[in-house]
Amino acid sequence: MTLDPITLSVIQAGLQQVCDEMDLSFSRAAFSPVIAEANDRSDGIYSAEDGSLIAQGAGGLPVFVGTMQYSTRTLVEMIRDGKVAAPKPGDIYIVNDPYLGGTHLMDVRFAMPFYRDGQIYCWLSNTGHWPDTGGAVPGGFSASATAVEQEGLRLPPVRLFKQGDLDPEIYSIITSNIRVADQRIGDVKAQAAALLVGEQRLNELMDRYGDDTVTQSIAELRRRAAVQMKAFIHEIPEGIYTAKAWIDSDGVVNEPLEIRLAVCRKGDRLTFDFSGSSAPCAGPMNSVRATTYSSVYLAMRHIFPEVPMSAGAFEPLEIIGIDDTFLDAQYPRPVSGCAAEVSQRIAEAVFAALVAPLPDRVTAAPAGTSGNFALGGNDPAKRRDFVMYQISGGGYGGNADHDGLSNGCSTIGISKAPPVEIMEQAFPVLYHRYSLHEGSGGAGLHRGGFGLDYEVELRRGAARASFVMDHGRFGPQGVLGGRDGEVNKVTVWRGDEAYVPEHLSKEQDIPLSPGDRVHVRTPGGGGYGDPFTRPPEAVLRDVQLERYTAEQAAALFGVILKGQPLVVDADATAQRRSH
Amino acid sequence: MTDRTPGAVVGVDVGGTFTDLVELDQKTGRVRLSKVPSTLDNQAYGVLNALEAAGVDLAALDLIVHGTTTTTNAVLERKLSRTGLITTQGFRDVLELGRRTRPQPYGMKGQFTPLIPRDLRLEVPERMDAAGLVVTALTEEAVRKASQTLIDAGCESVVVHFLHAYANPAHELRAAEILRDIWPNTHITMGHSLLSESREFERGVTAAVNASVQPLLDRYIQRLTDELGQGGYTGEVLVMNGNGGMVSARRVSQEAAKTVMSGPASGVMAAAYTGRKAGLGNLITYDMGGTSTDVALIRNAEPTVSNEIEIEYAMPIHVPMVDVRTVGAGGGSIAKVNPAGLLEVGPESAGAAPGPICYGRGGAQPTISDANMVLGRLDPSRLNAVDGGISLDHIRQIFARELGAPLGLDATGAAAAVIRIANMKMAGAIRMVSISLGADPRDFALFAFGGAGPLHASALARELGIPRVMVPPRPGITNAIGCVVADLRHDFVRTVNTPLDSLDSTLLPSVFAAQCAEGEALIAKENIEIRNIKRIYSVDMQFIGQTHLLRVPLDRPDVAPATLRQLFEEAYFNRFRVDLADIRANVVNANCSVIGTRAELDLSALIDPAERRETLDAALMTRRDVFFDDWHDTPVYWRDHLPERFRIEGPAIIQQMDTTVLIEPGDVAAADGQGNILIEIGGAA
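Protein sequences, first through last, are from chains A and B.
Start counting the first sequence at 415; every next residue gets the next number (my numbering).
Start counting the second sequence at 1100; every next residue gets the next number (my numbering).
Each hint should be verified, as a subset may be incorrect.
[As the list claims (entries may be wrong)] Below are the EDC-like pairs computed for lysine to aspartate or glutamate, each with C-alpha atoms no more than 16 Å apart in a straight line:
(1) A/Lys976 x A/Glu951
(2) A/Lys603 x B/Asp1681
(3) B/Lys1376 x B/Glu1699
(4) A/Lys576 x A/Asp505
(5) B/Lys1435 x A/Glu720
(6) A/Lys603 x A/Asp579
(7) A/Lys830 x B/Asp1681
(8) A/Lys680 x A/Glu649
(9) A/Lys644 x A/Asp682
(10) B/Lys1376 x B/Asp1771
(11) A/Lys680 x A/Glu729
(12) B/Lys1244 x B/Asp1218
(13) B/Lys1435 x B/Glu1447
(14) A/Lys603 x B/Glu1668
(15) A/Lys603 x B/Asp1678
[To be verified] So the derived label-pair ranges between C-beta atoms look like this:
(16) A/Glu618 x B/Arg1375: 30 to 38 Å
(17) B/Pro1505 x A/Asp774: 21 to 29 Å
(18) B/Pro1598 x A/Trp907: 33 to 41 Å
(19) A/Asp581 x B/Ala1680: 13 to 21 Å
[As the list claims (entries may be wrong)] With the C-beta cut set under 8 Å, the calculated list includes, among others, these residues of chain B facing chain A:
(20) Gly1189
(21) Phe1190
(22) Glu1195
(23) Thr1200
(24) Tyr1205
(25) Asp1218
(26) Ala1229
(27) Ser1297
(28) Glu1299
(29) Lys1435
(30) Asn1437
(31) Ala1439
(32) Lys1524
(33) Phe1726
In short, the hints are calculated from the structure, not lab data.
Just so you know, even glycine gets a beta-carbon here, dropped at the ideal spot from N, CA and C.
One chain only, chain B, in its complex shape:
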């Protein structure tokens, strides 16, 4: 095997506001970083700007791994390619009718726009039954006619989605064949191809998302690779998927739906990687930005994956993705006093525009970020840099007037109350996420990232009984780091749906073997050096009569049915504290992930070692008054100047380019030798 070990690797993540980039050169150990505004109309410009800002030499670069929001934004804003649907007669409205829901439990308003409008949803005579037997043969002439109608309507891509195609795809395959004959088009998605499971709405939406973003993603990748090529780049471009793995840019649009959520997923992958190297395999990731907060769970260095992500109301994408939950509040969440005289924080947000008052873009309502400013937790000198020249006094006046007066508090008291309520709400939401995944937060460390995560993490950890907080070297560009460390990954789900007591003991091993073979073949096609192949097996099980599934991890593919029963009962009891020994169990899905693991990367240089000072005192920037339960004279350190080993007792603040780390009184922060800060809550350790 030739040496394909990349020297210089770039990870670049395009977020809603910023495009973040990190370059690691394995051979020289050099690290370059940049953060530039995203260019959402054509994200490629932002990527090129980021490369330029970091001073990356494209000709000397070996690999680019890219996380993109192209597909997510297209779906959320419904800026989609013109897409047609050919479906079973009588069922063209499935994508619009959904599952009989409303957006909120209370409130009878609400709207839903289907991905494909009704006049582009065409029906053809054909029908399979649930057993996959033909009830009505496919009328091929109708497929031809429908294709012509969609071509004439200017469609770029098309979905073929037939009832029960997961049981027998013959009609979908034949219809796609006919389509290709008369309509040479690489943008044909068959319903069963991404997701071979029953449930016509979920499968259909997944396919419709795929088809309607395919041309957009194709064009984007083409533009990007062209531009990179013109800049002298000759290496591979890989794109992050929502499952936390990456695929070649050449193939990514075939399964474009899988790139949805790729940004949040890569952040979680970075957390898993960082945690594993530091010996912390169990993490709750906490990514707080300006508009939202994302939470995910990592067990034994493996992020939790879900096949049932819903990216917004009635928009399920049922392919395996890192289970990232958005729990609301961000720095821009607005605080107000409700008619009952109680303080509320969120759910309304000042968003990015006008944003918090402290952004100086016309925001006039108090937010979480403003409260941090009033309390001295954010650097007030930064106010001078903003456009509007907002003064701290101005913010304090708003807090005193809008919140303090009705609550009987001064500006400081009001700001402290905002932080306390916001932290309580976020802690509650994190707790619900971990409980819904069957985990007790106290068994985890909190991995804080995003611009605002490290500012609130210690308080949340205390609220949740979490003993330890981990802050990585570059919390503000964690997603880009996730791109750099990502592995090649393919996930497979096969529906078995068999009662355990009639399960043929050879079935699961043969399913797993087939899944592994397919995954290994896909990985072999990539032009990427692999350290080894990792295979992760699990089954989804339930007691017969139940609808929820419980995932049971397996450490080997050939587990005897009796052992499966035992593993399932243990997992069930651990999760629900309910013992149901008398009820039969069902094996629903066999899952396998095949992961091509890449060489280890050294992340310790993410903060330039040359910047380090010998002593803690030498890293001290300033001291300022910061409010906790009272005002404390608090040291403020510059992260890049911290010595290799240090121990800081709270209260203290560590500032860096991309975030502010708050160490509360009683907590102790220390370096872990790998560039991370570990904060022991209550100082115990």
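Chain A on its own, in the form it takes in the complex:
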């Protein structure tokens, strides 16, 4: 039987639809706001032989784009080697071990074998970010953990559902080790129900088009996805493109971590060589192999959004040189920062390397931090403990088409930040400001977007503030002559005393009393192109809008303003720019 290209397109759309329905089902029924509102989850179909990606939901969190195939692959291998009990129909495995193809512990993966005629045909799998999996701090983002055991409960692949029924014994172990356990059953049921939706829809698809047609289509789609990726790779002239990117510190040892990247385009292949990057670190800013791979894939998908999510698309991409670096941490290195922070820096390195050969497609560096601020304490008015999370966005990089977006979400995520009013309803805090981080956009022909500037006060009780952020030491990189975006700044006001964390962007458990304030300014995006070529009128407009001062206009853009109301002093500007 030969496959016509139309049937292929139909099967491709059908497989995509199965995954999209799993995504939708999971989000709509989930309890955790991280899944329900922020869509911090992903669903997909993976091959029975080696777990390679067949299709994945379009609305999944970008950082999961590559991880789940490694997670499923590891599971398949462990079953084959007898290290994990073999499945029966209706079984669903649960696993969150970062070193077995994962991210951080909070990303809990479910995997269910999909049977046709009594044989495992493929795997349906999903990942959801649980609000807590135990460990030293609520939520799992400990800035000073030095071993994974401090970060939470680590689950090897075990069958949480056995032939359709939840195993109450395994479940009781989990709920005994995590916080707010009573609501987790809602997420567990939603996560399992999404797989069952996928099972039903995939069966319908195969019944309709026939198993042989679907099987051949999957193989052919994989081959063609590789062809498509190769076509994009050919947009990059042959050669080697290098870049570096830095993490402020690991939260424990106050020294920068460096990512070194050399991208080599040769023929159909693109090789990402990370040799020379920093060694595994003591604190939680390690990445694991699957997350590192996934970060490269998602960066490529940001550059080429047209690429289908299929193992075939990743085949022409080769990632090397991560052994013995912090991009391939081994047990028991702490890893809570891998998905939220390190992954974004890996993507930044990919952008920085490829902007020269792909100047129309690639942007200057985005803010690249999830801006995680956690406040835990006791609210005497409500007589209960609380944990509050404030995530925040930052500026995106300028690009060939226009200025960068302000307060965009993290590179690896798609989640919205909570409104100030909701935060104040739920927690004993008062925000004094929630505004643009003025002056933060990196100067350029097209400047970076602006970060966020907020200041929040503890109103009552006692609390501890923790930060897992980045880009406090180095701003997001400007490109092609553009300047770096402004760095992330954290200041804690205790009475009249201003306290700046030693690691700038990371610290754990800073005690706060009522009236104390936390002031955070998030990074601006990198600038794109020479700022002295930015039209003076555009600079004037930014000054009128108080995004930059007149002094910054002169210093950063070489634009001299005069008069009241302000106008461009064309002669002085020309003179200034000629130097």
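Once you have looked at the hints, place chain B on chain A.
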């Protein structure tokens, strides 16, 4: 009560391309229709042109109901009135910062232009906390100073938007009072007045949309009523809202934001009305035009309403509106072969200009409309009428070259592939919409309208397992018909946010009673005959710990908490197949819609009965070859000539002024006696 039953009623809908009009005269049964190009700079001219084209006698006309895109276009194109914002100190950037998003999951480019620029966003010292207690008193002098600054800057309208004003509006009310003293201005919008819910970005954007379109809508309505008055019109003008109800033109601009999406909403109202009269209460509406396709769900003859519409990226308007989802593709969607050698249709579109190749306006890329032309589904003789004089061979050559060659197909095969992929994509999108609303498409009929809807509906229905397609008499002017049949409608949302087990059993009945009283008072103010008052109650609930809400319809206002729990659990299980009996539930919102129902209208004359032929054969225009899985010699009927009762086995085509209805092989079309065509998929019925 005096007889205010209108005799002649006009519904007129201004769309992006055409202004459509229908006049129904209740007393004589006469119907007049017209379709003229929209005049987007001043939509009133298009309206007058449409009235003239239909030959409407303004002096003898009793009622005009108007759907307008004035506000929607103004927002999307940011052609807004100069508007200022006065807000809480420290929060002027809320409207620009949004919720930390980007336009697309992949791709780091993207832009956002706030409705009000930063130099017109001013801060004043004041602060409430979440409980509505004053943290910082309002500095009244600062309000005066800010007002003067905005006046000097040439602002026409102003938004007063303070944090937590939904909990305590005292500062907003006082600031508005001060404003009015020094700045006599009817265009003052307070943040809490349209939407009294927390979430400062969404509430603020809703208020900013309202303020920045108010002067535009006011001026437009003034121009329109002046022009109509000069033409001799003395009756009422009502304007459609996005909730599918209508309000007096005199009051519409107070809540101008509610007119956004009024066109798509009126189409859905027409569908609900038509379906109900034909005994089909559960419909998925499918409106395919040249550039986009809109989908909505109707249950028990009631369109689904949402309070969380986002009209474009980061532009939420949180007032109740008919939940119309745009699912992409239209007739102008472009087909291409991607580098993997696979055929893709959309998301790029040839739009209205240059449009598909067959428009003859310079379009050179193959589109869905062109594929329909190549397959004989659209009438090729229409090509002669277009400006450029495009030939069918020319289109076939492009299909063969651009798509056929890389796919190994001839022009026909390529066109058939385009249709197949486009239908598969649209079916998938419709499925996602219905699932996200908790509905299985197989339980619905597909209501096809818009210029291209009836051309694809049968194939989509087959793909979705939908048993039946309904094609109304005038699919191309459905929005205008929606205006004619619309009711007066007011929607209310009150946030209760109380755990069910501590809910006072008198709370909901008293909230509903207050909502009903307010709605009935508003309806009584309108000079319109009402048949009866309908009240629709629902609550939005969730399990504690969840953020999503599930709407639970109530058939009466005094439902006991124990019953609420049961209704919620049933609704939850039906939706998610998950049973969570051990978790406590929360009642978040109490919703009430008060609807003043108008007299029934007879729509059966939308196709002039005098045009009917006695037999099907007499309605036959021609026969031509049309491609399905192969070429079929296919009869083409003229819709207006079809007899009152008929049964047509596919393949067949029914052509009419405003659309083409495709009946695929194996399907059976029949008249329902009310002017609609029902197509049974697979012929079963």
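Point to revise | Non-conforming hints, listed in increasing numerical order | key: Hints 7, 29, 33 not satisfied by this model.
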